[in-house]
Amino acid sequence: MERRAAHARTPVGRSMEPTERDRDRVLPGARAGSVLLGLSMLAACEGRQSVLAPAGADARVLGDLFMVMLVGAVVLWLSVNGLFFYVTRINPAALSKRFANGLIVGGGLLLPSVVLAGLLGYGLSIMPDQRAPGDGLTLRVRGEQWWWRVEYWPEGADAPIVSANEIRLPVGQRADILLDSARVIHSFWIPALGGKMDMFPGRETRLSLHPEKPGRYRGQCAEFCGTSHALMAFEAVAMPPEAFDAWLRQQEAPAAAPATAQGQRGARIFAREGCGACHTVRGTKARGLVGPDLTHVGSRLSLGAGTLGTTLADYETWIAHTGTVKPEVEMPAYDHLDPADRADLAHYLKALE
Amino acid sequence: MAEHQPAPDEERREFREERESLWRITLAPATWAVHFVICYAAAAVVCAKAPDSIGTLRLGIGALTLLALGLIGWLGWRAWVQWDVRTTGDYRNPLGEAEDRHQFLGHAAVLLSVISALGVLYVALPALFIRSCG
Ligand SMILES: [Cu+2]
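Protein sequence lines, in the order shown, are assigned to chains A and B. For the record, in the first sequence the residue sitting at position 53 is 53 according to the numbering used here, with numbers rising by one throughout. Residues are numbered in the numbering used here as their position in the second sequence, beginning at 1, plus a constant of 353.
Keep in mind that the hints were calculated from the coordinates and are not lab data. A virtual CB, placed ideally from N, CA and C, is assigned to each residue, including glycine. Misleading hints may appear alongside valid ones.
What follows is a list of derived Cβ distance ranges for each label pair [as the list claims (entries may be wrong)]:
id	chain 1	residue 1	chain 2	residue 2	range
1	A	I104	B	D453	32 to 40 Å
2	A	L76	B	E452	37 to 45 Å
3	B	L412	A	G123	21 to 29 Å
4	B	E370	A	S125	23 to 31 Å
Non-contacting residues of chain A with respect to chain B, defined by C-beta distances greater than 12 Å in every case (computed) [as the list claims (entries may be wrong)]:
id	residue
5	L109
6	G123
7	V171
8	A182
9	R206
10	G263
11	G291
12	R300
13	M331
14	P332
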């Protein structure tokens, strides 16, 4: 997925780091392949999108489950192959009938039944906690093609605080996350925080997450949902509760009026180009609901659902090369805008913090 | 078989018995299948229509499970007697004689009962651990 993201960036001038391609040239084919595979597998063990680097209560429990299964599988593999080695190499004489029957009943019937029952019980005993009720904050996330519509409902709220393409959660609390989808099945997954949950059109599913370590993680749509599925990701931020509350209050506020002349020009271009038909900027005439709410787009940590960064250049790239950066998105590419207009627009959007 | 001359109707009776026990070996897996379908259907219907009745559902699944295990246990016991491995000491019944066939069907039915009992238990375990619909 990262790889496809990198590809999508190249045509618009972002340099790829000298990683995979260059190493390929140094090492001969097949060996390079396995070395790369090994390296990338090792690299997958840490980082902000890894089940093996848990940062939440649910991911920790799932990580333990994984380790138990892994160690168990290794022990079983060694025992079976050790036994095989023993009877074929070390002691190839015929076994007594009694012993052979014992092996079949004990190793083939009793052991698997008991081990499977144990694992099933263990797995099932974990499940209720993974879906435990939250402590008050509820999020509603709807899967779109290919982005995320997000609403925050603090306890007792009667109207949501609308955002998009980013999930923020307070550390040390359990938040409810209600999921559904607009048209096709997606799957919501923040590996560092917990398990994944499918999102269906017309059917609400539920997940709850309890982040433990503050930090920036990454979520990814985990169910193929069309052309740009691989570019349907998001930043997930776990914050200390006070910081989260402050952030949420800021998200609730309408957009700040542009403070600079360039920003004001950008706002006019935004209105003139009809961006408001698809996007909402609260506090302005832009009320569109087709695309992500842009009221605080400047405070987000990525653009286009984890597709681009957030520099002014990234904003310009997004606006002018939308469908190149992210194939088949429902937003037209504004490549007819002249560079000055594009820069103004980028300034306006980036200042919407 | 050579020294034993069966009466013609004895052979027919034996054949009929075999046919019945051929049916009987499917009964334990069938019990498992019925238990499975009822548990899944009941859980789906209760959780969609009356999620508050989940407690009753769990008790019901528990009772059904005991019933199924009882039935499978009884079928297994009958199959065990038919297999008759204790007196013959013959695990495998390799010969194609009527007696061997008879015992082999018992043998197969015992194994199927064991796997069916396990299946029933595993199907019921979620009802033991999971206390709510969602
Ligand atoms: Cu998706």
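We went through each hint and held it up to the structure:
1. With their beta carbons about 20 Å apart, I104/A and D453/B fall outside the hinted range of 32 to 40 Å.
2. Evaluation of the 37 to 45 Å hint for L76/A and E452/B yields a pass: the beta carbon distance comes to about 40 Å.
3. In this structure the supplied range 21 to 29 Å holds for L412/B paired with G123/A, their Cβ-Cβ distance being about 23 Å.
4. Between E370/B and S125/A the beta carbon distance is about 47 Å. The supplied range of 23 to 31 Å is therefore violated.
5. Not every CB of chain B is more than 12 Å from the CB of L109/A (nearest about 7 Å), against its label as outside the interface.
6. Under the 12 Å C-beta cut-off, the non-interface status given to G123/A relative to chain B is violated; the minimum distance is some 9 Å.
7. Every C-beta of chain B lies more than 12 Å from that of V171/A, the closest at about 25 Å, which supports listing it as non-interface.
8. At the 12 Å boundary, the C-beta of A182/A stays outside the reach of chain B, the nearest C-beta of that chain being 22 Å off.
9. The beta carbon of R206/A is not kept farther than 12 Å from every beta carbon of chain B, the shortest such distance being approximately 6 Å.
10. Look at G263/A: its CB is around 46 Å from the nearest CB on chain B, clear of 12 Å, so calling it non-interface holds up.
11. Its beta-carbon lying about 31 Å from the closest one in chain B, G291/A satisfies the requirement of being farther than 12 Å from that chain.
12. Taking the minimum C-beta to C-beta distance to chain B, about 31 Å, the non-interface status of R300/A holds against the 12 Å cut.
13. The claim that M331/A is not at the interface with chain B holds, since no C-beta of that chain comes within 12 Å of its own (minimum 35 Å).
14. Remark: the non-interface label on P332/A is consistent with the geometry, its nearest Cβ contact in chain B lying 40 Å away (cut-off 12 Å).
Of the numbered hints stated above, those contradicted by the structure are hints 1, 4, 5, 6 and 9, listed in ascending order.
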